[in-house]
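Engineer: Now for the letters of each chain:
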Amino acid sequence: MLLLLLSVAGVAGLTLLAFLLGFRAEPRLDEARARLEAARLPGFRARRVALARDGRSALVEGHGDALALVLPVGDRFIARAVAHDALEADAEGLLARLDEPLLRTARTSIVPPDWLERAA
Amino acid sequence: MTLPSPVDLAIPAFVGLVLLEMLLVKRRGRGAYDWRDTGASLSLGLGSTIAGVLTGGAVAAIATWAWTHRLFDIPWSLWAFVLAFILDDLAYYVFHRSAHRVRWFWASHVIHHSSQHYNLSTALRQTWTGFLSLSFLFRLPLFLIGFPPAMIFFVAGLNLVYQFWIHTEQVGRLPRWIEAVMNTPSHHRVHHATNARYLDRNYAGVFIVWDRLFGTFEPEQDAEPCRYGIIHNLPGFNPLWAAVHEWVGIARDLARARSLPEAWGYCVRPPGWKPGGGTETADAIRAAWRRESESA
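Chains as they are written, first to last, in my numbering: chain A, 1 to 120; chain B, 121 to 416.
Next comes chain B alone, as it looks inside the complex (with noise of 0.2 Å):
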């Protein structure tokens, strides 16, 4: 069967949508652009269209021999597409998480954390890495339990198309069913934020529920304005170091490692580490964070 891709489709309510925010923004003082940035975020999505492209078959080969390996043959019907979002969005959680916590991983992913706004243009800030750090591995077990790769891949745009209007300011809180269930501008807002309280938390796709059920959950707080951006910010705006300053920076610790154990870990540790820890992984930010609240 032959579907169309949900993302392709949206690519002209992507253009509307960021010109209307624009001017929500110029209207409403709330929220910022720059346009430099917006420059870079833009030309990012279409880099990152573009490695899509030259990947696209790799993926869908490796997806179809997983598929022929397939438990169970699952059929083209309603309650396999509804099936097939929600575990894809547990897959997405899974792979977003470890995008966040594995170096390797994070190298791809980071070019989306990489602006100091959180606009909807900052959506489309994508990787153009991903086939490179793996990361189609995660949506491996969905082709192998027997749900057919194009189902998946649909499922995969629409949970995209999904995850673009929650990069937005101009959006405060929805009511409190839609909080608790879905991801929301709101719940994106922190997983962008740098702040110590925020860093690596609320990694869900299209359902909240996957961060509230593994304790990764965290609100946003009137009293603590959101930081956006990566710890070590970006100096200026070329595409191309946001697409690989990551990849540069492990090059340089596997240069000088000293032994395996160590070039190892500065693949596969959290970023921020090193030898002995450091103190710029997230978990040792939020920790020292914490001391400090606590003797405050």
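Isolated chain A (complex conformation) (with noise of 0.2 Å):
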């Protein structure tokens, strides 16, 4: 038990001094980079971006109607494929419903494009 307690003190001392030098970055997306986390999901070739007003996330048009969201994850970024009718547009921004067990839906302050509501 007192292993534990001391293996527990070191995972959370470690990740503390982690913190401590400064190792908690948000970047910032631009087209470029929102382009190359879509095309991370295989298959997807990127044609245009939407770029959240915070710059945290973008909506991204692949070929063939294909969409793709990226968002933050810690100093990193994801990318999901996602149907039109999964995106609803508030005041804040739009609003994705992915439907994954740790992400059921995600909140970003992206404007929804012109190109959007044309292709869909």
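Zero decoy hints are in this set.
So, partial list: chain A residues that the calculated Cβ filter (under 7 Å) puts toward chain B:
1) A18
2) F19
3) G74
Hints are computed from structural coordinates only; laboratory data are not their basis.
C-beta atoms are modelled at their ideal positions from N, C-alpha and C, and glycine is treated no differently.
Relying on the hints, combine the two individually framed chains into one complex.
Structural biologist: Take a look at the structure:
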């Protein structure tokens, strides 16, 4: 039990040290980075990009009406394919329904671009 | 014969080297850490140790049972340790290749690839469910040949300790003769990358010669920086989800399988497989990349 407590303290200590050393960046996306992140989805080739107001997420249009949402995770990003009808616009921006166990919805500050309405 | 656990003895060095690497990243600006990612990696390492303690007795019992049916009596000698180390590394190669090519094994191994970072803390991100996925089966032939279980567990520990230091971006390329024979940071960066060129390559533990022999070697290219992680990167840093998400994926796919062959495919075909093939297996992704490269 003592060993377990020491191990937990060690994990917490190193994590805290990483925090104190400043490893807590929250980078912003630009268009090129958003394209690159979306291209991590197999077969996805980016055409147009709509960046969020806060620069932390992006909606990327691919070929054949495909859409990818790029979202922040710590100092990295993830990309998810998203259907047109899983997107909802409100005053804050786009809300995406992703239906993953740990990512049911994603709230973004992306202003719905014109091409999104035309594509839908 | 009782032998020490190389991994237990190396823990202080692991901690010291993680600290040193953090300072180097800060100073050089090369490589990266994120405190949330580091916390997840270290928690997964701790969880893996606990899982190992809980299942270690059963693994030792199975190993001893296999050894009682051995073909040869291998003595406790230096040559036997050297041979055990080499053959255990070959068994690791087979296990590791299977862990990327068979979804059932991947469900346990994915945990180790689930970080988008590549640093020494990533090395500690180890499986919780290795016993469930039957990963111990890959070492059974060594016991059946006649290597004593304690000898194999010892050299397997040395193998794991060796693999720790190669999880870094702080070391570039090493002299050519080392890169030719040994698994190095450069070779292992390729293994952790999701670039189509690099996917499912460099499975080696200690000796990269296995990849060269069996056609799975890919050198790191300066023009193509590694992008680490998995095809569908995790949406957060929850260690429990990192440990079980692929098992949940298998369960969901099994629930919607329309036939037994389909259910079997979801378990034993490569990760990303779907009835009819699918576009998200490593082979399909690499084939699409090759077509694009050739047409460009």
